[in-house]
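K.L.:
Now for the letters of each chain:
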Amino acid sequence: MNLYTYASPANFYVLAGKLIPWFSWGAGLLAVWGLYISFFLAPTDFQQSEAYRIIFIHVPAAWMSMFIYLVMAFWGAIGLAFNTRLSFMMARALAPTGALFTFIALWTGALWGKPMWGAWWVWDARLTSELILLFLYVGIIALWAAIDDVRRGDRAGSLLTLIGAINVPIIYFSVKWWNTLHQGSSINLMKAPSMAAIMLQGMLVMAIAAWFYTIAVALVRVRRIILERERQTDWAKAILENE
Amino acid sequence: MEWASWSDFWHMAGYGLYVWGSFGVTAAGVLIEVILLKRAGADTRRRLKRMQQWATSLEGEGQ
Amino acid sequence: MHRFLLAVLRRDLTLAARRRGDWLIAQFFFVMVASLFPLGVGPEPEMLARIGPGVLWVAATLASLLSLTRLFADDHHDGSLEHMVLSPEPTVLLVLGKSIAHWLIYGVPLLLIAPVLGIQFHLSWEAIMVLELSLLLGTPILSLLGSVGAALTLGLRGGGVLLTLLILPLYIPALIFGAGAVDGVMAGTGAEAHLSLLGAFMVLSLMIAPWIAAAALRVSLE
Amino acid sequence: MPDALLSVHDLACARGERLLFKGMNFGLGKGELLLVQGGNGQGKTSLLRLLTGLARPEEGEVRWRGESIRRVGEAYHGEMCYLGHANGVKDDLNPVENLRFADGMHGRAFDQTRAVATLERLGLSRCLDLPCRVLSFGQRRRVALAALLLAGATLWILDEPLTGLDVHAVVLMEGLIRNHLTAGGMVVATTHQALNLDGVAVQRLLVGNVAIPALM
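Residue numbers (our numbering), protein chains in the order written: chain A, 15 to 257; chain B, 3 to 65; chain C, 98 to 319; chain D, 1366 to 1581.
For reference, chain A alone in the conformation it holds in the complex:
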């Protein structure tokens, strides 16, 4: 029994089935804990009053949106380099959740921006980069949807993810540069003068909850993808009959 055992879809299917309940329950409990910190332990901010509580969603969602993209790029690169089927499936399983978190980050950013800056949307470097990240996610998902052949779709999607991953830092930098030129001083979202330890703790707990959720959802999705692709094999047929 070693790591390679789980690289085979059949074994990973079983392993994922065992892991899903743990991650789901973990995500639920952590979310409850995180929400408790967000609403009952974290004090009112003297500048932003209660509106700042949005960061407990906004910041973890923004972290996740970028991190999931990087993980997708990682799996894509592994798949292209070593021709491992499972890594392509992981990349596919992660994309919709990444797009969801990107959308949440944008939505909460707008709802936070309105009371803080008096505008639903500002062309701030972070928000703009996040919007472009959403475009990248949509592009990748659309490319997968357009390609019927599984192998071609896997590789094409991974190549697009990779060139996007190289481009995202450049985009972020360029938008930031553009932003400072056009607005004089950029509005810094994270410049909360007194970031209390309890706030940081709340964001971390929420971020870990989001992690557990992402893993659980991705595992469910990857199990479905495995079953669909391996339906000709004996073990998949046996699973279908027994379920």
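Because the hints were derived from the structure by calculation, they are not lab data.
Quick reminder that beta carbons are idealized off the backbone N, C-alpha and C, glycines included.
Take the hints with a grain of salt, since some may be wrong.
[Unchecked claim] Calculated pairs, PhoX-like style, for lysine-lysine (alpha carbon to alpha carbon, straight line, at most 25 Å):
#1 A:Lys190 with A:Lys128
#2 B:Lys51 with B:Lys40
#3 A:Lys251 with B:Lys51
#4 A:Lys190 with B:Lys51
#5 A:Lys251 with A:Lys32
#6 B:Lys40 with A:Lys32
#7 A:Lys190 with B:Lys40
[What the hints assert, rightly or not] Label pairs and their computed distance ranges (CB to CB):
#8 C:Met226 with D:Asp1476: 21 to 27 Å
#9 A:Leu43 with B:Gly26: 17 to 23 Å
#10 C:Leu303 with D:Gly1529: 40 to 46 Å
#11 D:Leu1495 with C:Val213: 35 to 41 Å
#12 A:Ser63 with B:Ile37: 32 to 38 Å
Place chains B, C and D on chain A using the hints.
P.N.:
Okay, now just chains B, C and D, sitting in the frame of chain A:
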């Protein structure tokens, strides 16, 4: 404890719309994703099962 | 190696010369998109001069996308793409050659038309010079990154729209630095920083994009 | 098969999720012809694309001179010439120009007199200066065959080379294949039509599980 009453809690010092709008949409997004995932999983399994039954019925006819 | 590159260039340029209508369409598209803006936002010279650089840059990216859908599609359709991929030279050189040919056919004419449109937008001579310089550095980026999208969407239904969706986000740095350079010179803050960043992005695209496009091409031909 | 230049080892090929064939093994040496047979959709074209290196096998590998074609890559392409369903002929160019660019792509010096002679030999003497757009399908196929002859490759991989050719051209093609084989060349071909190839070492390979009646 920060809140004097439940209505205070929902009011969020006048920022209720923004705070609950954020948390609400997040919860809705997660919920929708989970429901869609459940449904897609069930659909896939049902479809694959039917395809399999069809394949075995064809084999039966062939013999 | 460079003989192969030259052969690809000569081939694509000859083919483009045989079908002048095709590449004129993209240039007319560029002119038309740019001309729609004054009609949409009004003819005030100050406003046009302010939005001019951005409009011309956006129009240039759209015009390049319009022509990119056919970068590999025609050769794929008649089978010559397979023959070229099966040549004894690396596919990277093929992609690089075709990107350079695309730039010569579609990018260079934009450089010639842009000053005329710049005058329409009441840009100063200085601004037009910088616009030219930024397009000179920036349009190769459009061809290079576009080749990745063209290779990925080769032979797909609705490939043209998909190509736009995939590639436009990647163009954003070029758009920002390019239009920013002209803005900078108009605002009196200088264009050097923008132009050097644009140049750096061009060099980076030149080093990375052909490799990814070549890999994408092999995937799409499988 | 000790002297097999082209060899295939435990090759498996899938289209979509359907496995077309697996565990395929064969070798082909100098002067040998391999006829790939099988019904529609059984993977003849897929096999040919695997042999060219355009497609990637599900399992196993294709070797040229004992080395995987993935590794030798471009060196292999220099000794191989592929003619697929599409001719690879540009409609906007005339036959001579087509051959010139084909030579350029393969890094060969273009020999105008030889190209013209080849085209004339293939019965295209009257359309040398016409754009290929106005040529018939069979004539365009002949232009593609001229490119194949000029390529001077050891291994020809031909997918339905006789499609669209008239009786004379088929006879001509048979002669070309025979000459190529006696000169030490190798051919892998699929065809639905009968080929008259007396005195040639023919290997037959049936792809897929559906047996079809012998074609010749």
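K.L.:
For each hint, tell me whether it holds in the structure or not.
P.N.:
Do the hints match the structure? See the list:
no.: 1; hint: A:Lys190 with A:Lys128; verdict: holds (21 Å)
no.: 2; hint: B:Lys51 with B:Lys40; verdict: holds (17 Å)
no.: 3; hint: A:Lys251 with B:Lys51; verdict: holds (8 Å)
no.: 4; hint: A:Lys190 with B:Lys51; verdict: violated (52 Å)
no.: 5; hint: A:Lys251 with A:Lys32; verdict: holds (19 Å)
no.: 6; hint: B:Lys40 with A:Lys32; verdict: holds (17 Å)
no.: 7; hint: A:Lys190 with B:Lys40; verdict: violated (40 Å)
no.: 8; hint: C:Met226 with D:Asp1476: 21 to 27 Å; verdict: violated (49 Å)
no.: 9; hint: A:Leu43 with B:Gly26: 17 to 23 Å; verdict: holds (21 Å)
no.: 10; hint: C:Leu303 with D:Gly1529: 40 to 46 Å; verdict: holds (42 Å)
no.: 11; hint: D:Leu1495 with C:Val213: 35 to 41 Å; verdict: holds (39 Å)
no.: 12; hint: A:Ser63 with B:Ile37: 32 to 38 Å; verdict: holds (35 Å)
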